[in-house]
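A.B. asks: Listed here are the chains, written in short residue letters.
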Amino acid sequence: MMYILDLLGTATFAVTGALAAGRKRMDIFGVVVLGCVTAIGGGTLRDVILGNHPVFWISNNVYLLVATLAAVGTFLLVRYWRVPMRTLVYADAAGLAIFTVIGFQRGLEVTGSYSIAVVMGVTTGVVGGMIRDVLAGEIPLILRREIYASASLCGAILFALMHYFQFPGVWAVIVAVLTIFTIRLAALRWNVSLPLLRLEEER
Amino acid sequence: MMYILDLLGTATFAVTGALAAGRKRMDIFGVVVLGCVTAIGGGTLRDVILGNHPVFWISNNVYLLVATLAAVGTFLLVRYWRVPMRTLVYADAAGLAIFTVIGFQRGLEVTGSYSIAVVMGVTTGVVGGMIRDVLAGEIPLILRREIYASASLCGAILFALMHYFQFPGVWAVIVAVLTIFTIRLAALRWNVSLPLLRLEEER
Amino acid sequence: MMYILDLLGTATFAVTGALAAGRKRMDIFGVVVLGCVTAIGGGTLRDVILGNHPVFWISNNVYLLVATLAAVGTFLLVRYWRVPMRTLVYADAAGLAIFTVIGFQRGLEVTGSYSIAVVMGVTTGVVGGMIRDVLAGEIPLILRREIYASASLCGAILFALMHYFQFPGVWAVIVAVLTIFTIRLAALRWNVSLPLLRLEEER
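Chains as they are written, first to last, in our numbering: chain B, 1 to 203; chain D, 1 to 203; chain F, 1 to 203.
Don't take each hint at face value.
If several chains are the same, the list does not tell them apart, and a pair holds so long as it fits within one copy or across any two.
Unchecked claim - SDA-like, lysine to any residue: derived pairs with alpha carbons at most 25 Å apart:
no., residue 1, residue 2
1, K24, Q105
2, K24, C154
3, K24, A186
4, K24, V134
5, K24, N61
6, K24, V72
7, K24, L77
8, K24, G137
9, K24, H163
10, K24, L158
11, K24, W190
12, K24, V170
13, K24, L178
14, K24, G73
15, K24, V78
16, K24, R82
17, K24, L69
18, K24, G51
19, K24, V83
20, K24, E138
What the hints contain is simulated information worked out from the structure, not anything from laboratory work.
Using the sequences and the hints given, assemble the complete structure.
C.D. replies: And the structure:
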């Protein structure tokens, strides 16, 4: 089940990368590259930091295949169907939720430490989208005011607690994924944000 | 011969990094840093992803030396000789072609998989220039409309085919390098681009 | 002593990350993320390039803790105390100085080569701040005209010489850190810069 969820997250993030590329009027190869980088960027950084070689998409070709197909599919689809720009935000929230949980599990397997696993979950969740936004010349979603990484962090900590209290695995995954997805979308819907750091600009 | 080609690619990319730094009016050390990062960035990411430690420029000091000399040489040269800005584009195309082939070979040696080798070839080819452009605050060449990563991909696939059908090594390298270089320059010359992803902007 | 210095550098860089996040009006979690990334980014790249697994902040949780506390502390402090924007520049200079020396030592331990150790020192010193500036959508300090990476390089080379001539360790560290800090601040104070690469713009 985790494997299917992982592929789903990969496809979802690839779609967001492809849509971001499309907004910048990139050609089909740019769409595929940005889709793949978004889909595998977070997990690659996680595996490299954990020293987990070979990284996941080298040991299993399916990830690259899914990401490529999702990007190409997006490319074809938007020629015939008007995609509302909100799709990017929804898909990004889903990918964020799924990859946070996957990253947490991978981090826990390798290091056995809950705090490192939480950091790895957030890393896996947010880095792909961050690279996408930097490459597309946008301000990363994570830096905008709405709750983003905070959603990922809440979900990762919740998942850590459920793991610690031996809440059954499948349900823990579902609860954590839905929590992150809901927090993120609720924050967007009602425009919630955490307290800001107010700084006098002196320049 | 591959080794000489590798050093040539290193020097070429270092020149593009130095020129990009010069356009941003950086001082000599900034020029050297951006030159080196451009020259070794792609290969470093490749080696780190492949878990190929120590990375190539740590096991062999010559790469850093060549990149530094090329950057310093560029710095001195442009004081006495007007460098047409197109030089950056030509040198970048040559570096892209050479590093794609080198990256493919390194990827094939380590993983034995053609598809991963192609991805590693494209990674090695495009990442150095991508870091250069992001650091210099430019829109990465890869995201502009002209064929760029596509040229690298074509060459890598062609090289994979030649390798599979046991086309003699030296000629395969020459053919692949020239193919990438030619596609890239032809695309620039005649302003060719692949079909774009058209997206309705709804904002 | 090195350990305390290392934690001091971590806290200092975390403060610069938090201040940069504050200028972009990010919420508290954004402040913590940017603080942590700035504090551990350089060392993480160093350890990943050296193949030094697990990376330093995975093998020792204290680094993440210190960075998080420093970022949260900055967040709380600036609510009650007007932080002059120059603080960011001073703290950045201190972090640059400390991390250059730490990175040099780590590089020398692993590779035994002075030239690689110098590169690792500069990498550790400048990369955290570079990521911070790219994520915050600023032109990286390293690319501005004032002496920045050059200060780090001078200090790293001086430290290498002192190490070679067996200058007592503690004093060598102090001299190198103060040298980098002083060069950087003097360059800012008197607006010194190295010769620029002048390039005819033809566009």
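A.B. asks: Could you run down the list of hints and mark each one as holding or not?
C.D. replies: We went through each hint and held it up to the structure:
1. For the homomeric pair K24 and Q105, neither the shortest alpha-carbon distance inside one copy (35 Å) nor that between copies (32 Å) is at most 25 Å.
2. Taking CA atoms no more than 25 Å apart as the test, K24 paired with C154 passes between copies only; the shortest distance there is 23 Å, against 32 Å inside one copy.
3. When the C-alpha separation of K24 and A186 is checked against a cutoff of 25 Å, the pair qualifies only between copies, where the shortest distance is 23 Å, while the shortest distance within a copy is 28 Å.
4. Proximity of K24 and V134 under a CA criterion of 25 Å is satisfied in both settings, with 12 Å inside one chain copy and 16 Å between copies.
5. For the homomeric pair K24 and N61, neither the shortest alpha-carbon distance inside one copy (28 Å) nor that between copies (40 Å) is at most 25 Å.
6. Taking identical chains as interchangeable, the C-alpha atoms of K24 and V72 lie at most 25 Å apart only when both belong to the same chain, with a minimum of 16 Å there against 35 Å between chains.
7. Taking the closest pair of Cα atoms, K24 and L77 come within 25 Å of each other only inside a single copy of the chain (17 Å); across copies the shortest separation is 36 Å, beyond that limit.
8. When the C-alpha separation of K24 and G137 is checked against a cutoff of 25 Å, the pair qualifies both within a copy, at 9 Å, and between copies, at 16 Å.
9. For the identical chains of this complex, K24 and H163 are neighbours neither inside a copy (42 Å) nor across copies (36 Å), given an alpha-carbon limit of 25 Å.
10. In this homomeric assembly, K24 and L158 never come within 25 Å of each other (Cα to Cα): the closest approach is 37 Å inside a single copy and 29 Å across copies.
11. In this homomeric assembly, K24 and W190 come within 25 Å of each other (Cα to Cα) only across copies, at 21 Å, whereas the closest approach inside a single copy is 28 Å.
12. Within a single copy, K24 and V170 get their C-alpha atoms no closer than 39 Å, and across copies no closer than 39 Å, so neither meets the 25 Å cut-off.
13. In this assembly of identical chains, K24 and L178 lie within 25 Å of each other by CA distance neither inside one copy nor across copies; the values are 31 Å within and 29 Å between.
14. Within a single copy, K24 and G73 get their C-alpha atoms as close as 18 Å, which meets the 25 Å cut-off; across copies the closest is 36 Å, which misses it.
15. In the homo-oligomer, the alpha carbons of K24 and V78 lie at most 25 Å apart inside one protomer (14 Å), although the nearest pairing across protomers, at 34 Å, exceeds that limit.
16. In this assembly of identical chains, K24 and R82 lie within 25 Å of each other by CA distance solely inside one copy; the values are 16 Å within and 33 Å between copies.
17. For the homomeric pair K24 and L69, the shortest alpha-carbon distance inside one copy (20 Å) is at most 25 Å, but the shortest distance between copies (37 Å) is not.
18. Neither within a single protomer nor between protomers do K24 and G51 lie at most 25 Å apart by alpha-carbon distance, with minima of 34 Å and 33 Å respectively.
19. Within a single copy, K24 and V83 get their C-alpha atoms as close as 15 Å, which meets the 25 Å cut-off; across copies the closest is 31 Å, which misses it.
20. With identical chains, the CA atoms of K24 and E138 are at most 25 Å apart both within one copy (10 Å) and between copies (14 Å).
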